[in-house]
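Undergrad: Sequence:
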Amino acid sequence: MFDKLAAARMQGAGTEFESMSEYREGDDPRRIDWRTSARYRRPIVKRFRIERHRDLLICIDCGRLMAADSDGGSKLDHAVDSALQLARVALQGGDRCGASFYDDRVKGYLPPNSGPSALKILVDHLFDLKSEWRESDFTRMFATLQRRHSSRSLIVVLSDISDAETTHRFRQSLARLTRRHVVIFVALQTPSLVQTVAAQPESLLDGFRIAVAHRLRKERDLSLQKLRRSGVHVLDVMPSDLTIPLINQYIDLRTRNLL
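Under the numbering used here, the sequence shown has 132 at position 132, and the numbering climbs by one with no breaks.
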């Protein structure tokens, strides 16, 4: 399903000439070639495709924040599922795709690759990923990216916001990445926090818990605003709702030729 959606949205996009064909309903009239149309006595449009062979790198947080339950799985489970769906779309579109995973250390790095074996390599390495009760430190992952990934790429980071100090270092690293790369930060919401924010207090203790949840949510929203202002593309979503918004964001950036 996702492959068909992606193909439909990417058809005719981009700036690389692909072919000419008869005008169909929904085609952009600005792409009618009037000289060719006059020769064939019917509207003919130029078709373009998105430039291929760009690099996509998906970074997956495996720390404690990703262990939270969400609709029958953990946040990490949903992140891995969506990452593989995104990789499939990117590879079928002609891009190269790689992945990295981290907690307080870099656990693995797969350089961007293409071809029939690329998706299998990703599946083999991501399938068994487990979250550990460690505080994630993106600065080490950032150092690895700076050292091993110099060409301009689309970098997708699947994680969430934690305490203020860690978030500040995280935000600095992502902002520095935007100097060379296009960066998408996917902030995976914690369902229990969302539910607490929406709850009505039935006791004094409930009121205290809800107040704390509102404060955490406000701090989180502020951090995401700062990331957006620094040039990072931010997706703030529930883990179970991630796949389609993530693929749409990828397609949007590619059709706008930002890589």
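None of these hints come from the bench; they were simulated from the model. All of these numbers come straight from a predicted model, not from anything done at the bench. Hints may contain errors.
[To be verified] Below, computed lysine to any residue pairings styled on SDA-like, alpha-carbon distance capped at 20 Å:
{"#": "1", "residue 1": "K226", "residue 2": "R179"}
{"#": "2", "residue 1": "K226", "residue 2": "R169"}
{"#": "3", "residue 1": "K107", "residue 2": "G93"}
{"#": "4", "residue 1": "K107", "residue 2": "G72"}
{"#": "5", "residue 1": "K218", "residue 2": "Q195"}
{"#": "6", "residue 1": "K130", "residue 2": "R169"}
{"#": "7", "residue 1": "K130", "residue 2": "A68"}
{"#": "8", "residue 1": "K218", "residue 2": "N248"}
{"#": "9", "residue 1": "K107", "residue 2": "R147"}
{"#": "10", "residue 1": "K218", "residue 2": "T167"}
{"#": "11", "residue 1": "K107", "residue 2": "T166"}
{"#": "12", "residue 1": "K107", "residue 2": "T144"}
{"#": "13", "residue 1": "K226", "residue 2": "S173"}
{"#": "14", "residue 1": "K120", "residue 2": "Q85"}
{"#": "15", "residue 1": "K46", "residue 2": "T255"}
{"#": "16", "residue 1": "K218", "residue 2": "S192"}
{"#": "17", "residue 1": "K107", "residue 2": "D77"}
{"#": "18", "residue 1": "K107", "residue 2": "K120"}
{"#": "19", "residue 1": "K120", "residue 2": "T144"}
{"#": "20", "residue 1": "K120", "residue 2": "K130"}
{"#": "21", "residue 1": "K107", "residue 2": "K130"}
{"#": "22", "residue 1": "K107", "residue 2": "D128"}
{"#": "23", "residue 1": "K120", "residue 2": "Y109"}
{"#": "24", "residue 1": "K120", "residue 2": "G108"}
{"#": "25", "residue 1": "K46", "residue 2": "M20"}
{"#": "26", "residue 1": "K120", "residue 2": "D137"}
{"#": "27", "residue 1": "K107", "residue 2": "R140"}
{"#": "28", "residue 1": "K218", "residue 2": "Q249"}
{"#": "29", "residue 1": "K218", "residue 2": "Q200"}
{"#": "30", "residue 1": "K226", "residue 2": "T166"}
{"#": "31", "residue 1": "K107", "residue 2": "R134"}
{"#": "32", "residue 1": "K107", "residue 2": "E132"}
{"#": "33", "residue 1": "K226", "residue 2": "T139"}
{"#": "34", "residue 1": "K130", "residue 2": "L205"}
{"#": "35", "residue 1": "K46", "residue 2": "Y23"}
{"#": "36", "residue 1": "K218", "residue 2": "A198"}
{"#": "37", "residue 1": "K46", "residue 2": "G72"}
{"#": "38", "residue 1": "K46", "residue 2": "A68"}
Undergrad: Determine for every hint whether it applies to the structure shown.
TA: Now the hints, each set against the structure:
1. K226 to R179: Distance of about 16 Å is within 20 Å: holds.
2. K226 to R169: holds, 12 Å
3. K107 to G93: Violated: K107 and G93 sit about 28 Å apart, past 20 Å.
4. K107 to G72: violated, 25 Å
5. K218 to Q195: OK: K218 and Q195 at ~15 Å, within 20 Å.
6. K130 to R169: violated, 24 Å
7. K130 to A68: Cα-Cα ~12 Å, so holds.
8. K218 to N248: Given pair K218, N248 is violated - Cα atoms ~27 Å apart, limit 20 Å.
9. K107 to R147: Roughly 16 Å separates the two Cα atoms, so the pair holds.
10. K218 to T167: holds, 14 Å
11. K107 to T166: The hint holds at about 19 Å.
12. K107 to T144: It holds: about 11 Å lies between the C-alpha atoms, which stays within 20 Å.
13. K226 to S173: With a Cα-Cα distance of about 13 Å, the restraint between K226 and S173 holds, given a limit of 20 Å.
14. K120 to Q85: Holds, at about 12 Å.
15. K46 to T255: Holds. K46 to T255 sits at ~16 Å (cutoff 20 Å).
16. K218 to S192: The given pair, whose Cα atoms are some 15 Å apart, holds under the 20 Å limit.
17. K107 to D77: Holds - the C-alpha atoms of D77 and K107 are around 17 Å apart, at most 20 Å.
18. K107 to K120: Given that 20 Å is the threshold and the Cα spacing comes to 19 Å, the pair holds.
19. K120 to T144: Distance of about 23 Å is beyond 20 Å: violated.
20. K120 to K130: holds, 19 Å
21. K107 to K130: Given pair K107, K130 holds - Cα atoms ~11 Å apart, limit 20 Å.
22. K107 to D128: The given pair, whose Cα atoms are some 12 Å apart, holds under the 20 Å limit.
23. K120 to Y109: Satisfied, since the Cα-Cα distance of roughly 15 Å is no more than 20 Å.
24. K120 to G108: The given pair, whose Cα atoms are some 16 Å apart, holds under the 20 Å limit.
25. K46 to M20: holds, 5 Å
26. K120 to D137: violated, 28 Å
27. K107 to R140: Status holds; Cα separation ~10 Å.
28. K218 to Q249: Violated, at about 25 Å.
29. K218 to Q200: Holds, because 18 Å separates the two Cα atoms, which is no more than 20 Å.
30. K226 to T166: holds, 14 Å
31. K107 to R134: Between K107 and R134 the Cα gap is close to 12 Å, so the pair holds against 20 Å.
32. K107 to E132: It holds: about 11 Å lies between the C-alpha atoms, which stays within 20 Å.
33. K226 to T139: holds, 18 Å
34. K130 to L205: Violated, at about 34 Å.
35. K46 to Y23: Given that 20 Å is the threshold and the Cα spacing comes to 9 Å, the pair holds.
36. K218 to A198: The hint holds at about 13 Å.
37. K46 to G72: Given pair K46, G72 is violated - Cα atoms ~47 Å apart, limit 20 Å.
38. K46 to A68: violated, 49 Å
The structure fails hints 3, 4, 6, 8, 19, 26, 28, 34, 37 and 38 (numbered hints given earlier, in ascending order).
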